[in-house]
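Colleague: Each chain, written out:
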Amino acid sequence: MLTQQLVNGIVVGSVYALIALGYTLVYGILQLINFAHGEIYMMGAYVGIAVLGVLAAMGLTQQSLALSILLVFLVPMVYCAAYGVTLERVAYRPLRQAPRLSPLISAIGMSIFLQNYVQVAQGARDKAFPNLLSLGSFEVMGAHVSGLQVFILAAALAMMAGLQLFIHRTRLGRAMRATAQDRTMAALVGVDVNRVIAVTFAIGSVLAAVAGVMVGMYYGLVNHYIGFVAGIKAFTAAVLGGIGNVTGALVGGFLLALLESFWAGYVSAVYKDVFAFLVLVVVLIFRPEGILGGSTEVDRA
Amino acid sequence: MRKWTLSLFAVSVALLFAASSPRAAETIKIGVAGPLTGDQAAFGEMLKNGSLLAAEEWNAKGGVVLRGKKVKVELLWGDDRHDPREGVSIAHKFVNSGVVGVVGHFNSSVSIPASTVYSEAGVVQITPASTNPKLTEQGFMTVFRACGRDDQQGEVAAEFIKNKLKAKNVAILHDKTTYGQGLADETRRFLGRLGIKPVFYSGIVQGDKDFTPVLTAAKQKNPEVVFFGGIHPEAILLVKQMRERLGMNAAFISGDGVYVDEFFKIAGKAAEGSYITFTPDQAKIQAAQGVIAKHRERFGKEVGAYTIYSYVAASLILQSIQETNSTAGARLSAHLRSKAWNTALGKIQFNAKGDVLESPYVVWQVKGGRFVQLN
Amino acid sequence: MRSFASAPLLGLWFAFLALPFAGWRGALWTGLACAALVAAARTLGRVLRAEPVARRLAMAQEAIGESWEFMLRGTRDWRVAALVLLGLVAFPWVLDRYKTDVLVVAGIYVMLSLGLNVVVGFAGLLDLGYVAFYAVGAYSYALLSTWYGLSFWPGLLGGAALAAVFGILLGIPVLRLRGDYLAIVTLGFGEIIRIVLNNWDDVTRGPNGILGIGRPHLGDFRFSQPMHFFYLVLALCLITMFIVGRLNRSRIGRAWAAMREDESAAECMGVNLVHAKLLAFAFGASWAGLGGVVFAAKQTFVSPESFAFFESVIILCMVVLGGMGSVPGVVLGALILVALPEALRELTLFRPMILGGAMVLMMVMRPRGFLRERGLRLAEGALPPGVPREEGR
Numbered sequence: 000m001l002t003q004q005l006v007n008g009i010v011v012g013s014v015y016a017l018i019a020l021g022y023t024l025v026y027g028i029l030q031l032i033n034f035a036h037g038e039i040y041m042m043g044a045y046v047g048i049a050v051l052g053v054l055a056a057m058g059l060t061q062q063s064l065a066l067s068i069l070l071v072f073l074v075p076m077v078y079c080a081a082y083g084v085t086l087e088r089v090a091y092r093p094l095r096q097a098p099r100l101s102p103l104i105s106a107i108g109m110s111i112f113l114q115n116y117v118q119v120a121q122g123a124r125d126k127a128f129p130n131l132l133s134l135g136s137f138e139v140m141g142a143h144v145s146g147l148q149v150f151i152l153a154a155a156l157a158m159m160a161g162l163q164l165f166i167h168r169t170r171l172g173r174a175m176r177a178t179a180q181d182r183t184m185a186a187l188v189g190v191d192v193n194r195v196i197a198v199t200f201a202i203g204s205v206l207a208a209v210a211g212v213m214v215g216m217y218y219g220l221v222n223h224y225i226g227f228v229a230g231i232k233a234f235t236a237a238v239l240g241g242i243g244n245v246t247g248a249l250v251g252g253f254l255l256a257l258l259e260s261f262w263a264g265y266v267s268a269v270y271k272d273v274f275a276f277l278v279l280v281v282v283l284i285f286r287p288e289g290i291l292g293g294s295t296e297v298d299r300a
Numbered sequence: 000m001r002k003w004t005l006s007l008f009a010v011s012v013a014l015l016f017a018a019s020s021p022r023a024a025e026t027i028k029i030g031v032a033g034p035l036t037g038d039q040a041a042f043g044e045m046l047k048n049g050s051l052l053a054a055e056e057w058n059a060k061g062g063v064v065l066r067g068k069k070v071k072v073e074l075l076w077g078d079d080r081h082d083p084r085e086g087v088s089i090a091h092k093f094v095n096s097g098v099v100g101v102v103g104h105f106n107s108s109v110s111i112p113a114s115t116v117y118s119e120a121g122v123v124q125i126t127p128a129s130t131n132p133k134l135t136e137q138g139f140m141t142v143f144r145a146c147g148r149d150d151q152q153g154e155v156a157a158e159f160i161k162n163k164l165k166a167k168n169v170a171i172l173h174d175k176t177t178y179g180q181g182l183a184d185e186t187r188r189f190l191g192r193l194g195i196k197p198v199f200y201s202g203i204v205q206g207d208k209d210f211t212p213v214l215t216a217a218k219q220k221n222p223e224v225v226f227f228g229g230i231h232p233e234a235i236l237l238v239k240q241m242r243e244r245l246g247m248n249a250a251f252i253s254g255d256g257v258y259v260d261e262f263f264k265i266a267g268k269a270a271e272g273s274y275i276t277f278t279p280d281q282a283k284i285q286a287a288q289g290v291i292a293k294h295r296e297r298f299g300k301e302v303g304a305y306t307i308y309s310y311v312a313a314s315l316i317l318q319s320i321q322e323t324n325s326t327a328g329a330r331l332s333a334h335l336r337s338k339a340w341n342t343a344l345g346k347i348q349f350n351a352k353g354d355v356l357e358s359p360y361v362v363w364q365v366k367g368g369r370f371v372q373l374n
Numbered sequence: 000m001r002s003f004a005s006a007p008l009l010g011l012w013f014a015f016l017a018l019p020f021a022g023w024r025g026a027l028w029t030g031l032a033c034a035a036l037v038a039a040a041r042t043l044g045r046v047l048r049a050e051p052v053a054r055r056l057a058m059a060q061e062a063i064g065e066s067w068e069f070m071l072r073g074t075r076d077w078r079v080a081a082l083v084l085l086g087l088v089a090f091p092w093v094l095d096r097y098k099t100d101v102l103v104v105a106g107i108y109v110m111l112s113l114g115l116n117v118v119v120g121f122a123g124l125l126d127l128g129y130v131a132f133y134a135v136g137a138y139s140y141a142l143l144s145t146w147y148g149l150s151f152w153p154g155l156l157g158g159a160a161l162a163a164v165f166g167i168l169l170g171i172p173v174l175r176l177r178g179d180y181l182a183i184v185t186l187g188f189g190e191i192i193r194i195v196l197n198n199w200d201d202v203t204r205g206p207n208g209i210l211g212i213g214r215p216h217l218g219d220f221r222f223s224q225p226m227h228f229f230y231l232v233l234a235l236c237l238i239t240m241f242i243v244g245r246l247n248r249s250r251i252g253r254a255w256a257a258m259r260e261d262e263s264a265a266e267c268m269g270v271n272l273v274h275a276k277l278l279a280f281a282f283g284a285s286w287a288g289l290g291g292v293v294f295a296a297k298q299t300f301v302s303p304e305s306f307a308f309f310e311s312v313i314i315l316c317m318v319v320l321g322g323m324g325s326v327p328g329v330v331l332g333a334l335i336l337v338a339l340p341e342a343l344r345e346l347t348l349f350r351p352m353i354l355g356g357a358m359v360l361m362m363v364m365r366p367r368g369f370l371r372e373r374g375l376r377l378a379e380g381a382l383p384p385g386v387p388r389e390e391g392r
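Residue numbers (numbering that gives the first Met the number 0), protein chains in the order written: chain A, 0 to 300; chain B, 0 to 374; chain C, 0 to 392.
Isolated chain A, as found in the complex (with noise of 0.2 Å):
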């Protein structure tokens, strides 16, 4: 039971991670809550479904799976940086200026938007995700391992350790870590602001349209509402890490997810979400800036 729940844990923990990964990047930079991000991942679980659709009715999915899968991937995630851009322009830009919490309603009402949006355009039932990839599945020390599980795992590690080299070794990586210091100084020398803000949105974007394929994928299901109660556990996972801090969103959403597990299986499946908030309010007491937070300038980004 006990690498059951390991398992259980770290596969949700990888979804947390990568849709933290969104808030703080955009947080680190902005000091922004983006509570439109969970919309962001849910429609790039739907664009999935779209794209799966048509490729079936050209009869791809029979033909080479391996290309219907990259599409399936590659597809969302164009769109979803599309959104994810488009929601900067049109929600925050105009409000780069106005009182802290005024892009946070402007976020709020961009939620209630798309999530309706979607309900309208697509109805109010849940969606079936077809299943690509029958890996077959295996035990591993009395736990119930599926291939699909791997992948997941793989694809979201490997997504993470793109993350990592893109900030640390490339230009506009580092023109993202200058913007995060200090805004005004990297006008000064020279980083265009706001391109890095808007690449910024579409790589939280591209990361949550990862984490909505995967968990379409993984659970066969999506609907309209999974962007809200993703989105606050990602957020949750991000501030437990440290927000702003991008290895923190990683240790906070596995440990989110872990917790969370391992009190829904041994205590009580219907309080696992206090215990969750309640180590947040411990965490956050004796390190009042997450787990990671406020320990390395550098890292932020």
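Hints in this document: simulated from the structure, not taken from any laboratory. Source: prediction; values computed, not measured. No residue lacks a Cβ here, since even glycine has one placed at the ideal position from N, Cα and C. Just to be clear, a hint being listed does not mean it is correct.
Stated by the list, open to error - To spell it out: a stretch of chain C is covered by chain A in this simulated footprint if at least three of its residues, at any positions, have a beta carbon under 8 Å from a beta carbon of chain A; those stretches are:
hint : region
1    : 19–33
2    : 153–161
3    : 270–279
4    : 319–327
Please arrange chains B and C on chain A, whose structure you already have, making use of the hints.
Modeller: Relative to chain A, chains B and C alone:
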């Protein structure tokens, strides 16, 4: 400047007056309330379409005969978004617009608080779907239920588990809602009477996606049967995760909230062999055939689980208006209780509480990708 | 929007975005609608900026602003105040039962948002779990009423007091937290209260909620109709507005303002931060508790569903939309956010979508809310233009 303000004030007061001028009542108004938007909109649509069919049928005949005149039926929609507070607000709105009867609400958690308002105003309320026993246990004259009760459903489920499945280890899960927990608790009570004590009992969080932790804990107790009180989104995930993630092969049983095509369409192979307590096959009820055909013609799709119940609820209100020649709530509710009705669901008779006398719940099974009624 | 190229291009972009959700046809319509809207908005903008129109518009704006100021000043004149009061008292006689009921709900929200305004607007503490105190008030009266038959008036005090206790309980562990860390902890607190209410079956009857809560009595008179509650809520709202308005100009109000602008500076000036923060939480919470008791008495039914996270969000939106810190602004915000969904009720399916869109639009057009706090304007004048105000990073 002072004039400015005064005129502004005067205009706004005038607007308020204008907005609230009463309209002449020339129709019989029936309120239809349920979750018309939001995640449970699919159910709301069933209520809407069913009552619409009934109203259109009467209107095609020219309307309901009331005091020698034919009066058209007008339906008012109320979207309660399965929120109890919205439900009360809708109830006030209905009462205020002078509805004679209400078809609704869908969720027990909404029907119960709304029934207070209807009862105080003397408006007949027939719910086509709220199965929580409490609704009719409040002692309101105006409350009726066209569907069954959770205790009847729980009894059927418990007997099926004991006698047909011959199971001893039963795990019970529910979604911590009025409906889900109510159904799970009734099932647990009847199982107890049959000498079976569940080996595992737990709530889950509605809206969550991952139930593997709680299922893993349940798996430790080696249940032969998993009973779930709740509705289909969670049921789909539960059954999928039982089969695909954890390799559990315990039988899965649930209630009428899972009788939705999505259950086997989305869960696919995982749902195969699952049991569901529900009312008998509507396709086999002779009286329902007309409604089913009309629904197909009017909306281009098959009836849902509660469509015919809503149709019956609306028809009963309209029929008793015509028969009593009155729109007074007290007379209508007395008349509704007074006799056995021939409806699209067969013979229906209400008892003193407003429940249908016999509620024939039966067990269905998912076989070959569809629901099949077991005998 | 102008840097985003021209209207047709914008239409094309949104058509592309809508494609996976709306299909070919839907995307086409979306694109056309967006292009038309943008073109219309631009033409309108050009017309409004043109000389004679712009001048008249500026005049009208000024006139509205002046008349509003005048009205506010006027309410201090007892004759005008009496007239306004008379108008308010006449409402239920003019409006029907349903509209009165909506006004009662609006009144409860006015109380709630004024209470939250103390925490967020005055003291600058972002609270995303305010609904927890509302729930505490509602449930404490519900339980006391159904178990011990406690009547409404002591229940009102009891609910407020208990909520204040919870406010302090929440306040103590979060004293050191700032800004968004505070936000997530308060969010968690709100969720914890809701989950406990939903699962502590023996006491709260879980998801079934509590039925048969006693209605208020005044002597032999029993409050049962929406009209009766209207007067009750109206009285409570006026009291709240009076107290909150006074508070803002009091010693503690100035301490909160100082704390909101700069905690360290406030501490140096001798503001006791612990004291000020706890007082803000307790005061805001007790008002939510009052609102909760009234809500429970009006509905005669409470269940955990009424206290979801989204409720906190909506109350926060009322505060920010109306104009944080300004009492009339917050009242206006609450009325708008109750009235808007009511006005859109016929558009069932599109209602939440339009509500969300409207929130974005209102914020983008008036980033500081409809009415700004008076004191704030002075403070801003002291800053060079374009300098963003940084709050608790």
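Colleague: Does each hint hold? Answer for all of them.
Modeller: How the hints compare with the structure:
1. Counting residues of the region 19–33 of chain C whose CB falls under 8 Å from any CB of chain A gives 4; the rule of at least 3 is met.
2. Interface restraint, the region 153–161 of chain C with chain A: violated (0 residues with C-beta to C-beta distance below 8 Å; minimum three).
3. Proximity of the region 270–279 of chain C to chain A, defined as three or more residues with a beta carbon under 8 Å from a beta carbon of that chain, is not established by the 0 residues found.
4. Look at the region 319–327 of chain C against chain A: 3 of its residues bring a Cβ nearer than 8 Å to a Cβ of that chain, three or more, so the hint holds.
Hint violations for this structure: numbers 2 and 3, all remaining hints satisfied.
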